[in-house]
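Chains as they are written, first to last, in the numbering used here: chain A, 1 to 469; chain B, 470 to 529.
It is worth saying that the hints were derived from the structure and are not from the lab. One should not assume that every hint holds.
Unchecked claim - Derived DMTMM-like pairs: lysine to aspartate or glutamate, alpha-carbon spacing no greater than 25 Å straight-line: (1) A/Lys336 - A/Asp320; (2) A/Lys299 - B/Asp496; (3) A/Lys464 - A/Glu64; (4) A/Lys268 - A/Asp140; (5) B/Lys514 - A/Glu365; (6) A/Lys359 - B/Asp497; (7) A/Lys396 - A/Asp140; (8) A/Lys59 - B/Asp485; (9) A/Lys299 - B/Asp497; (10) A/Lys283 - A/Glu273; (11) A/Lys264 - A/Asp140; (12) A/Lys392 - B/Asp489; (13) A/Lys392 - B/Asp517; (14) A/Lys264 - A/Asp290; (15) A/Lys326 - B/Asp497; (16) A/Lys336 - A/Glu13; (17) A/Lys269 - A/Asp89; (18) A/Lys326 - B/Asp496; (19) A/Lys336 - B/Asp517; (20) A/Lys366 - B/Asp517; (21) A/Lys113 - A/Glu13; (22) A/Lys464 - A/Asp107; (23) A/Lys326 - B/Asp489; (24) A/Lys326 - B/Asp517; (25) A/Lys336 - B/Asp487; (26) A/Lys299 - B/Asp517; (27) A/Lys464 - A/Asp140; (28) A/Lys59 - A/Asp5.
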Amino acid sequence: MTHDDLAFADVVELQRHLTAKRVSSVELTELYLGRLETYGPVYNAVVTILHDRARREAKRADAERARGRVRGPLHGIPYGVKDLLATPDAPTTWGAQPYRTQRFAFDATVVKKLTAAGAVLLAKLAMVELAGGFGYGDADASFTGPGRTPWNAKYWSGGSSSGSGIAVAAGLVGFAIGSETSGSILFPATACGITGLRPTYGRVSRHGAMALCWTLDKLGPMARSARDAEMVLAVIAGADPNDPTAVDAPLDTPRRKLRIAVLKDATKKSMPEVAANFRASLKALAAFADIAGEVALPKGPWGPAVGTIVDAEGAAAFRDLVESGKSRELRNADDKLGGYVAYATPAVDYIDALRQRAKLNALLEKAIAGYDAIVSPTLPTVTYPVGIGFDKVYTKFPGGPSLIAPGNLAGLPALALPNGMGPNGLPTSLAFLGRAWGEAALTALGTRYQRETAFHQQRPPLVKHLRAT
Amino acid sequence: MAIAASMRRFDPNLSDTDLDTIAHGIDDNRRAVVRLNARKATALKNADEPVTRFAAPRPR
């Protein structure tokens with residue numbers, strides 16, 4: 001077993017090694033701390049490494065294990081969190097220069113739960129400033145610099161959970177926590193070739209997390225396997241008196257063959273590699289799931305509804321930033337002025353977006369009824385190059401209908417999994433959109449898919465220095 | 470443009486080019502918002518209420 005074998009092992013395998021005493025939590029933590037220091041700056045993955053906290057928690061985990069106390073499947077497992085989650089050990093920067101020295105005196109609920117489960121917090125991970133709420137137009141949108149995918153450092157890691165995606169893909173952490181308002185777990189999961197789980201809205205407490213959009217934000221696991229994502233979700237889920245929207249709900253896998261619908265026109269105007277990999281994925285899925293039909297995305301103003309809600313709630317969430325004039329300190333050119341645009345959203349437009357939300361969500365619920373998931377490529381292309389505006393990239397492949405905006409508008413869960421490779425050594429991905437509270441069905445599909453395929457076990461060709469271009 | 474210009478109360482250093490960019494952004498949003506109510510099938514009527522307390526449908 002090499003250091004790389006350990007670094008890239010999934011949580012289930014790491015726990016086996018810890019149980020068999022082939023490695024201690026302290027040793028695993030030192031391995032990851034070293035890798036964060038070596039590779040973190042190359043790919044712009046890290047804001048702050050929490051050396052003291054990590055070593056303290058690892059020592060505690062080992063001491064408890066020696067006394068026969070193992071708290072659960074995450075005991076002694078090192079992880080990282082997107083730097084929008086409050087921790088008292090270091091600033092919580094939200095990826096944004098104006099908040100670079102901001103401190104909170106408490107752990108976010110998600111971090112508290114992971115600590116109680118015996119996991120070891122390694123680092124606050126890089127993110128797109130303000131989780132992308134002001135509308136960034138290219139990859140350079142964080143004071144840590146553009147996130148770079150470990151598969152090809154000339155390309156974007158995706159965002160806004162950029163550091164979480166990078167750290168998992170590059171074997172810098174055992175797993176990570178990201179967040180999604182509209183795409184911020186699924187995109188970096190695709191770009192970095194990892195598994196990302198966006199839970200149902202209300203599954204996981206948002207207490208202690210930066211709010212971009214109160215009615216769209218969700219925290220979720222990013223990991224090297226679907227079974228890991230399921231385990232992490234089980235720990236972080238649940239009601240919280242500090243977040244009235246978080247509720248207890250079962251995570252039961254249906255004990256029957258799962259039914260999947262394919263999104264109609266899913267690969268329309270997609271890159272050929274995305275389409276080919278998706279077709280191969282459907283063949284693999286058909287071996288164990290019922291590909292029961294095709295579902296068309298109900299027609300409706302999904303994008304304008306999500307956009308208007310994010311603008312209005314985001315402007316309110318960052319009202320102080322806009323009104324102080326400090327949004328000019330943001331990194332991305334679009335972000336510097338985007339807050340003013342969002343601030344100008346008329347109240348009647350926001351309310352109309354909420355009225356449309358009710359109608360659209362009912363349509364989507366009807367479309368997905370009778371299935372456990374709708375499957376589609378996560379994105380129509382591979383990830384974007386760093387240094388070019390998003391609107392200028394892959395203009396030949398605008399893609400067909402996307403489930404990202406509709407799924408988020410309705411608060412539904414989704415799971416993204418790597419399913420092959422595309423141009424420039426970059427991964428492609430497929431996504432399952434599930435029914436409300438149906439995460440267990442998604443992770444069951446993902447786990448079985450990953451038993452039949454090996455894309456999630458591939459390791460990126462990491463570099464220790466960026467070559468000058 | 471007047472709305473964009475009003476943002477100078479938050480940052481007096483916003484240039485004319487900045488205001489132009491902001492005004493374009495506001496116009497883009499206005500055009501997008503027209504699509505909120507464009508389709509007959511989903512057109513809003515008086516009785517359509519907003520989701521004021523959002524929650525995903527509860528498990529059955």
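Verification of the supplied hints:
no.: 1; hint: A/Lys336 - A/Asp320; result: holds (14 Å)
no.: 2; hint: A/Lys299 - B/Asp496; result: holds (24 Å)
no.: 3; hint: A/Lys464 - A/Glu64; result: violated (36 Å)
no.: 4; hint: A/Lys268 - A/Asp140; result: violated (29 Å)
no.: 5; hint: B/Lys514 - A/Glu365; result: holds (21 Å)
no.: 6; hint: A/Lys359 - B/Asp497; result: holds (24 Å)
no.: 7; hint: A/Lys396 - A/Asp140; result: holds (23 Å)
no.: 8; hint: A/Lys59 - B/Asp485; result: violated (58 Å)
no.: 9; hint: A/Lys299 - B/Asp497; result: holds (21 Å)
no.: 10; hint: A/Lys283 - A/Glu273; result: holds (16 Å)
no.: 11; hint: A/Lys264 - A/Asp140; result: violated (34 Å)
no.: 12; hint: A/Lys392 - B/Asp489; result: holds (21 Å)
no.: 13; hint: A/Lys392 - B/Asp517; result: violated (39 Å)
no.: 14; hint: A/Lys264 - A/Asp290; result: holds (16 Å)
no.: 15; hint: A/Lys326 - B/Asp497; result: holds (24 Å)
no.: 16; hint: A/Lys336 - A/Glu13; result: violated (44 Å)
no.: 17; hint: A/Lys269 - A/Asp89; result: violated (47 Å)
no.: 18; hint: A/Lys326 - B/Asp496; result: holds (23 Å)
no.: 19; hint: A/Lys336 - B/Asp517; result: violated (36 Å)
no.: 20; hint: A/Lys366 - B/Asp517; result: holds (18 Å)
no.: 21; hint: A/Lys113 - A/Glu13; result: holds (22 Å)
no.: 22; hint: A/Lys464 - A/Asp107; result: violated (32 Å)
no.: 23; hint: A/Lys326 - B/Asp489; result: holds (19 Å)
no.: 24; hint: A/Lys326 - B/Asp517; result: violated (38 Å)
no.: 25; hint: A/Lys336 - B/Asp487; result: holds (9 Å)
no.: 26; hint: A/Lys299 - B/Asp517; result: holds (18 Å)
no.: 27; hint: A/Lys464 - A/Asp140; result: holds (20 Å)
no.: 28; hint: A/Lys59 - A/Asp5; result: holds (22 Å)
Checked against the numbered hints given earlier, the structure breaks hints 3, 4, 8, 11, 13, 16, 17, 19, 22, 24 and satisfies all the rest.
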